[in-house]
Structure formats: C-alpha cells, structure tokens
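Number of protein chains: 2
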Amino acid sequence: MNGDADELEFSVPGFMAGATAAGIRYQGRPDLALMVSEVPATAAGVFTTNRVKAAPVLLSRSHLAHSTARAILVNSGIANACTGEPGLERARLTARMTAEAVGCRAEEVLVASTGIIGMPLPLEPLAGSLPTLVAQVRADGWLDAARAIMTTDTVPKIQMERIRIENSSVTVLGIAKGAGMICPDMATLLSFVVTDAAITSGALQTVVREETLRSFNRITIDGDTSTNDTLFVLANGLAAHTPIESLTSPAGEVFRQALRKVLLNLAKKIVADGEGATKFVEIRVVGASRQIEAVRGARTVANSPLVKTALFGEDANWGRVLAALGRAGIDFDPNRVQLYFGDVKLVENGLFVGEQAEKKASEIMSRSAFSITVDLRQGDAEESVYTCDLSLDYVKINADYRS
Amino acid sequence: MNGDADELEFSVPGFMAGATAAGIRYQGRPDLALMVSEVPATAAGVFTTNRVKAAPVLLSRSHLAHSTARAILVNSGIANACTGEPGLERARLTARMTAEAVGCRAEEVLVASTGIIGMPLPLEPLAGSLPTLVAQVRADGWLDAARAIMTTDTVPKIQMERIRIENSSVTVLGIAKGAGMICPDMATLLSFVVTDAAITSGALQTVVREETLRSFNRITIDGDTSTNDTLFVLANGLAAHTPIESLTSPAGEVFRQALRKVLLNLAKKIVADGEGATKFVEIRVVGASRQIEAVRGARTVANSPLVKTALFGEDANWGRVLAALGRAGIDFDPNRVQLYFGDVKLVENGLFVGEQAEKKASEIMSRSAFSITVDLRQGDAEESVYTCDLSLDYVKINADYRS
Chain A
545 MNGDADELEF SVPGFMAGAT AAGIRYQGRP DLALMVSEVP ATAAGVFTTN RVKAAPVLLS
605 RSHLAHSTAR AILVNSGIAN ACTGEPGLER ARLTARMTAE AVGCRAEEVL VASTGIIGMP
665 LPLEPLAGSL PTLVAQVRAD GWLDAARAIM TTDTVPKIQM ERIRIENSSV TVLGIAKGAG
725 MICPDMATLL SFVVTDAAIT SGALQTVVRE ETLRSFNRIT IDGDTSTNDT LFVLANGLAA
785 HTPIESLTSP AGEVFRQALR KVLLNLAKKI VADGEGATKF VEIRVVGASR QIEAVRGART
845 VANSPLVKTA LFGEDANWGR VLAALGRAGI DFDPNRVQLY FGDVKLVENG LFVGEQAEKK
905 ASEIMSRSAF SITVDLRQGD AEESVYTCDL SLDYVKINAD YRS
Chain B
545 MNGDADELEF SVPGFMAGAT AAGIRYQGRP DLALMVSEVP ATAAGVFTTN RVKAAPVLLS
605 RSHLAHSTAR AILVNSGIAN ACTGEPGLER ARLTARMTAE AVGCRAEEVL VASTGIIGMP
665 LPLEPLAGSL PTLVAQVRAD GWLDAARAIM TTDTVPKIQM ERIRIENSSV TVLGIAKGAG
725 MICPDMATLL SFVVTDAAIT SGALQTVVRE ETLRSFNRIT IDGDTSTNDT LFVLANGLAA
785 HTPIESLTSP AGEVFRQALR KVLLNLAKKI VADGEGATKF VEIRVVGASR QIEAVRGART
845 VANSPLVKTA LFGEDANWGR VLAALGRAGI DFDPNRVQLY FGDVKLVENG LFVGEQAEKK
905 ASEIMSRSAF SITVDLRQGD AEESVYTCDL SLDYVKINAD YRS
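Protein chains in written order, with the working numbering: chain A, 545 to 947; chain B, 545 to 947.
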C-alpha cells in the first residue's frame with residue numbers, strides 16, 4: 545500500500561504528532577514539530593558523516609546510546625550548527641523542556657534542527673510554545689509535522705506502508721524534508737520514521753543503517769553534505785507479533801521491505817523537490833564488476849555539473865556521461881560501454897550510434913522523469929543513484945539567499 | 545620576468561609556431577596550431593587521468609615513449625574522443641601528414657584535440673591546410689597558436705619566463721587553453737610549453753609531473769575532468785649551458801622555478817577565464833597535519849556548488865565553507881578552526897565572530913579576486929586551490945550548448 549497525501553489517513557498506533565508556529569526564525573508558519581510515542585520506543589538513528597556536526601546531532605547521538613526514545617522535537621529556521629558549547633547547552637535545555645512537557649526523561653528525547661548555520665537556537669520561543677504543542681499532538685498530525693520541518697521544500701513529504709506480520713497489521717510511516725538548499729545553509733536532510741513493529745534495538749539499528757545506504761545515500765542534489773542530516777526510526781512494539789530479532793527471518797524481511805519502500809520513496813521525493821529541479825533522473829550503472837563500482841560510477845555521473853546542466857538543457861549529451869564515468873575511478877573498458885537514455889541506445893561499444901537515436905533521446909529528455917543507463921558489460925553488479933538537473937533557479941536561489 | 549601579452553616578444557630560440565583557419569568545425573577563425581622545433585627536442589607529457597582517453601591522447605602517449613619530438617599539432621572544434629579505432633587511425637594519419645610536411649618521423653609528432661566528443665577528426669581540412677601552415681610558422685607565432693587552440697576561452701593564454709643558467713639566457717614559454725566549457729564537451733585543458741633549456745629526458749618528465757601537481761592540478765572550474773587534457777613540454781637544448789641532469793642542482797632548481805611560474809600563471813589564467821566566472825578565488829588551507837589533507841580540504845571547498853554560488857552572490861557564507869570542509873574526509877577539530885575572507889577573520893575557534901566582521905567580508909567579496917583561508921591549527925602543512933564562482937552564465941552556457 546503506497547501512501548499519497550490525500551488518500552490515506554496517516555497514523556500509527558501509539559504515536560502522535562503535531563506542529564506549531566513558534567516564531568524561531570520564520571514568522572507566521574509552523575516551524576516546530578513534535579512526535580511522541582505513548583510508550584518507550586526502540587530507537588535507531590543515522591547521522592551526517594560531516595566532520596562538522598551540529599549540536600542536535602551530537603546530543604541525539606548520545607541519547608540514542610540508551611536505545612529507547614519517547615519524543616522527537618524538530619525545529620526549522622535555525623540549525624544550531626557551528627555554535628560550540630553554548631549551542632550544545634541549548635540543545636540540552638530543549639531536550640529537558642520537552643521531557644518535562646511530555647513526561648519522560650531528557651535522554652528519551654531526540655532533537656533535530658535545520659536552518660541557518662552559526663546561530664544558537666533561541667530558547668524563549670521554544671519554552672513558550674512547548675506546552676501548547678504537547679497539548680495538541682494527535683494521532684493524525686503527521687502532515688502538520690511534515691510541513692513544519694520544511695525549509696526550502698515546496699511540498700511536504702510523507703510516506704506510509706502497511707504490512708502484515710503474523711496476522712498483525714503493522715504500519716511504517718515516515719516524513720522527510722529535503723536537501724533543497726533553496727535557502728543556503730539549509731541543505732539538511734531530515735527524516736523521521738515511526739512504526740508499531742516490535743523489533744530489537746540491534747536489529748532495528750542494523751536494518752536502518754543498511755536501508756539508509758540504499759535510499760538516502762543513493763540521492764544527490766549537489767554533492768554537498770549538511771552538518772545536520774538526521775534520520776530517526778522509532779519502533780514502539782505495540783503490534784501483536786513476536787518481536788523481530790533476526791533480519792533474515794520472514795518477519796524481518798517483510799519489515800525490511802516496508803522500511804525500504806518508505807525510505808526510498810521519501811528519498812525520491814526529496815530529489816524531485818530539489819532546489820530549482822525541473823527533472824528527476826535515475827542514473828543506472830549495470831554490468832559492473834562490483835556493487836561499489838556501480839554506485840561510484842552512478843554517483844559521479846549524478847554529481848557532474850556538466851551532466852546536470854545538460855539535463856536542464858534537455859541535451860542528450862552522452863559524451864558528458866561517458867567523461868564523468870571515466871573520472872569515477874572505476875574499472876571498465878570504454879570500448880565495451882553501452883549507454884541508453886530511457887530505452888534509446890545512444891552508445892554501442894563505446895561509439896555513438898547516430899543522430900537518429902539522439903533525436904529520440906531528446907524526446908525522452910523532454911519528460912519530467914527518465915533514466916540514463918550505462919552498461920559496463922564487466923559483470924553482474926548494478927546500482928542506481930537519483931539526481932536532478934542543475935538549473936538557473938539553483939544558482940539564483942543559492943546566490944541570492946541572504947540578501 | 546613576467547610575460548604580459550603586449551609587452552614582450554614571445555619567442556624561444558629554435559622554436560616556431562603558427563596557426564591557420566582549417567575549417568575543421570569552426571568557420572572563419574583559426575582552429576589549427578602547429579609548433580615546431582628546429583632540432584629534435586626532449587619531450588615530456590602529462591595526460592588526463594580520465595579512463596575514457598581521446599585518440600590523440602592515446603597516440604601521443606605512445607609517441608612520447610621515444611622521448612623526443614619535433615612538432616606539436618593541435619586542433620580545436622572536434623575532440624576526436626569516444627571515436628574508437630577509426631578515431632585512432634585519424635590521429636595516426638594526422639601525425640603522418642604533419643611529419644611529411646615538417647620533415648621528421650611520425651613518432652616525433654605529438655597531437656592534441658579539443659572540441660565536440662564523439663565525432664572523428666575530418667582529414668580533408670587538415671590535409672588541405674598543413675602545407676600552408678608549415679610554410680608560415682615563425683619564431684613569434686605563439687600568440688597566433690594560443691588563439692587557435694581556444695574553444696570557449698575569451699582570451700588567449702600565454703606566459704614566458706627568462707632565466708640565466710651558467711651565464712646563458714634560457715627561455716620557458718607556454719600557451720594554454722582553458723577548462724572553460726562555455727561550449728560543453730569542450731572542457732579540455734591543453735597546454736604546450738617550449739624551452740631552449742638543455743635537460744635530460746628523465747629530469748624533464750619528473751619536473752613536469754611534479755610541477756603539474758602544483759599548478760594545473762590545483763585549479764578547478766567544476767570538478768569535471770576532460771577526456772583530452774594534455775600538457776606537452778619540449779626542451780630543445782639550444783641554450784649553451786651544461787645539460788641539467790639533476791633537479792636538485794642549482795640549474796635544475798632555477799629551471800624548476802621558471803617552469804613553475806609559467807605553469808602556475810597559465811593555470812590561474814584558466815580559472816580567471818572559467819566559463820561564466822566573475823570571481824577568481826584562492827582557497828587556502830593552512831595548519832593541516834599533512835599536505836595531502838590541506839589539498840583535499842581546499843579542493844572540496846573549491847568544488848562545492850554551495851560555496852561557489854555564494855561566491856557569485858557575494859555572500860560571505862562561512863557556514864558553507866565549514867560544511868564543505870567537514871565532508872572532505874580530513875582530520876580536524878571543528879572547535880579549533882579559524883576562517884578568513886581576505887584578511888577578515890569570520891570564525892574563531894569554530895565560532896562566528898560577528899556581524900561587523902561579516903560586513904567587512906562582504907566588501908572583500910565585491911572584488912574580482914580574493915582569498916579564503918581556513919586555519920585548521922593541526923600542523924604546518926598548507927596548500928592552495930584556485931577556483932571561480934558558479935554563475936548563472938555557467939548554467940546558461942552549459943545547458944544551451946547544442947541548440
């Protein structure tokens with residue numbers, strides 16, 4: 545079951561969500577979201593690999609050592625990054641205030657922030673808004689929360705999957721905000737997933753890590769990595785099935801597939817809503833000798849400014865794709881490569897097929913979503929990376945920001 | 545002595561150069577350049593690291609195994625890349641035709657091409673133009689040659705140094721074309737350097753490699769690497785000094801310094817003329833624990849689309865610089881970092897200094913050239929990478945190309 549915003553009721557047994565306009569930096573729009581689990585939930589997280597980690601990342605990482613959580617508090621507007629010990633203290637106080645309002649320990653609160661770098665989080669608007677926010681969280685508040693964490697996104701991103709484990713219905717629901725970077729320093733990717741599945745802490749952390757690699761780590765807007773990137777997954781175990789201990793069990797596999805769908809669809813939505821993006825493009829590398837080479841090749845093509853400007857210009861510029869692949873540091877024979885735009889073959893054995901094919905490829909490129917496939921014909925490994933074009937609006941948006 | 549186009553006579557004893565409009569792809573502008581040494585010259589070369597190597601790169605690499613050369617033939621308009629065995633055969637025939645016209649062996653001819661990928665070099669215009677071209681090469685034909693190899697460059701790039709070795713005057717003269725990419729697939733960096741210095745083949749190849757790392761490998765326009773990048777250095781030994789065998793000898797050191805100046809100045813000129821560029825920016829990383837980490841940090845900042853759009857917008861966005869540094873995969877403590885725009889300190893111990901400093905930094909950014917310095921305070925290693933901004937014109941130029 546695939547979640548479209550207006551068709552389904554977004555809810556997960558035992559979880560509540562809500563949002564409010566706290567006025568942290570934006571005025572007149574929701575900028576503070578709260579997600580609460582009725583019972584302590586098994587919690588897993590994945591954070592930015594950036595060496596410069598924002599205060600909420602540092603704090604939540606330490607809180608996750610306890611493996612359970614009751615609440616997630618997220619603000620947009622100010623990232624609380626590059627704020628040193630004062631920023632960390634603000635994050636701690638935020639968690640403490642939330643814990644008091646929700647009625648749990650501070651260590652059971654996870655926090656995340658997105659927005660301007662270099663400014664510490666102001667505590668007054670948070671303190672003023674938290675009681676109201678806690679009072680108004682509700683089972684179907686997820687779209688509100690998805691809207692409150694937006695910065696430069698143009699649409700809220702929400703995804704839900706329902707599965708059955710041992711005759712119990714289990715729901716996996718996720719929200720995300722994009723690496724839109726429509727305002728600068730706001731490149732942050734945030735995603736929060738809740739489920740009533742019962743799963744051990746170790747299994748949850750493992751599956752979250754592995755599926756992050758297959759979803760959020762397979763997309764790129766511009767290759768920049770935020771200081772605040774965060775994914776939290778909370779599993780409250782309220783579903784009636786036997787707790788999942790092994791990911792290779794049938795229940796573990798069913799849960800993994802549901803989590804994968806939620807994460808991958810959220811990831812794709814983020815790319816489609818990339819700043820200034822007019823095209824959603826899947827870069828597939830097949831026939832690679834190793835999976836890691838397929839990923840590296842696809843990622844290098846997906847990040848190439850020359851490829852991305854050609855996507856924007858609807859120019860079937862296969863030469864730029866080959867040139868990007870050539871600098872990816874992977875093993876292949878240029879004289880064996882086949883290259884397709886959609887299902888149109890443009891390159892055979894490393895050579896251009898002809899202008900007729902290029903015309904057909906240009907038609908493919910006029911669509912808002914399509915794929916580019918490179919077959920290295922070296923082996924069996926294949927991987928996809930999802931990207932968008934580099935448009936005039938990307939530059940306008942990112943150059944004009946603070947003026 | 546530093547070479548400015550109008551002030552000096554550009555010439556090197558024993559070398560001649562010239563150009564003609566062969567009509568290879570462009571009409572009514574020079575697109576074919578020839579450089580000739582009166583005597584066999586010691587030759588060294590550095591080529592693209594791209595796995596997809598153009599036919600002229602493959603051929604010239606094999607010719608360089610002979611260590612001496614008499615001529616360099618370069619065309620713009622068509623890159624003869626991704627053209628397979630037919631392209632290689634065209635390159636071979638080009639070298640043979642040039643050898644016949646100049647009066648040397650085909651193995652003594654080096655070739656280079658820049659332009660559209662995927663089209664083989666047409667032989668007729670070359671065959672028709674070569675006799676005229678050979679007849680008109682002259683000692684002071686270097687600016688003509690520099691103009692003929694341009695594709696999307698807006699100015700020819702030429703640089704000359706005169707040094708003394710053992711009371712002999714020695715000249716090092718270089719020309720280059722940029723990674724302008726104003727037309728796509730034309731991202732190629734080409735540079736050709738000639739000198740009358742006497743130097744052994746081994747020493748020449750070593751110093752050329754080392755100094756390439758310090759010059760052309762320290763610049764970036766957009767991180768894409770061409771299939772055709774080529775640097776040739778020819779030393780004809782006509783100067784009267786004892787041949788340089790060791791690079792650590794006084795003569796070797798003097799020669800290295802001259803070569804470094806020529807290569808570094810050509811490299812900087814390429815960045816300043818980058819496609820759509822409005823800013824020339826030096827990214828300095830100092831206080832790194834190792835040189836390789838300083839380079840990696842500087843390069844990651846220099847390639848970051850978010851940093852480059854901020855440069856275009858004259859936005860002193862220090863947070864983007866720190867975030868880029870954080871994902872560079874280098875070792876540093878974010879809480880020790882100092883960051884400067886020009887001589888204005890914006891970040892101290894990882895924390896923002898204040899709005900007054902940001903105003904001063906914005907003034908610095910209104911200049912057409914400035915530096916950004918990050919002090920990691922880890923060690924003594926420092927390196928610079930030169931970059932330009934990512935402007936609206938970059939996207940326009942690279943999206944609109946083939947229409």
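Hints were generated in silico from the structure; no laboratory data involved.
Take the hints with a grain of salt, since some may be wrong.
Any copy, or any two copies together, can satisfy a pair, since identical chains are not distinguished.
Under the rule of at most 27 angstroms between Cα atoms (straight-line distance), these lysine-lysine pairs were calculated in the DSS-like manner [stated by the list, open to error]: (1) K813 / K903; (2) K904 / K889; (3) K904 / K812; (4) K812 / K889; (5) K597 / K812; (6) K904 / K940; (7) K813 / K597.
Note that the structure is a prediction, hence the values are computed from the model and not measured.
Now for the hints, and whether the structure bears them out:
1. Neither within a single protomer nor between protomers do K813 and K903 lie at most 27 angstroms apart by alpha-carbon distance, with minima of 29 angstroms and 37 angstroms respectively.
2. Proximity of K904 to K889 under the C-alpha cut-off of 27 angstroms is restricted to the intra-copy arrangement: shortest distance 9 angstroms within a copy versus 54 angstroms between copies.
3. Proximity of K904 to K812 under the C-alpha cut-off of 27 angstroms is restricted to the intra-copy arrangement: shortest distance 26 angstroms within a copy versus 41 angstroms between copies.
4. In this homomeric assembly, K812 and K889 come within 27 angstroms of each other (Cα to Cα) only inside a single copy, at 25 angstroms, whereas the closest approach across copies is 40 angstroms.
5. For the identical chains of this complex, K597 and K812 are intra-copy neighbours only, at 25 angstroms inside a copy versus 34 angstroms across copies, given an alpha-carbon limit of 27 angstroms.
6. Only between protomers do K904 and K940 lie at most 27 angstroms apart by alpha-carbon distance; the minimum there is 23 angstroms, versus 31 angstroms within a single protomer.
7. For the homomeric pair K813 and K597, the shortest alpha-carbon distance inside one copy (25 angstroms) is at most 27 angstroms, but the shortest distance between copies (37 angstroms) is not.
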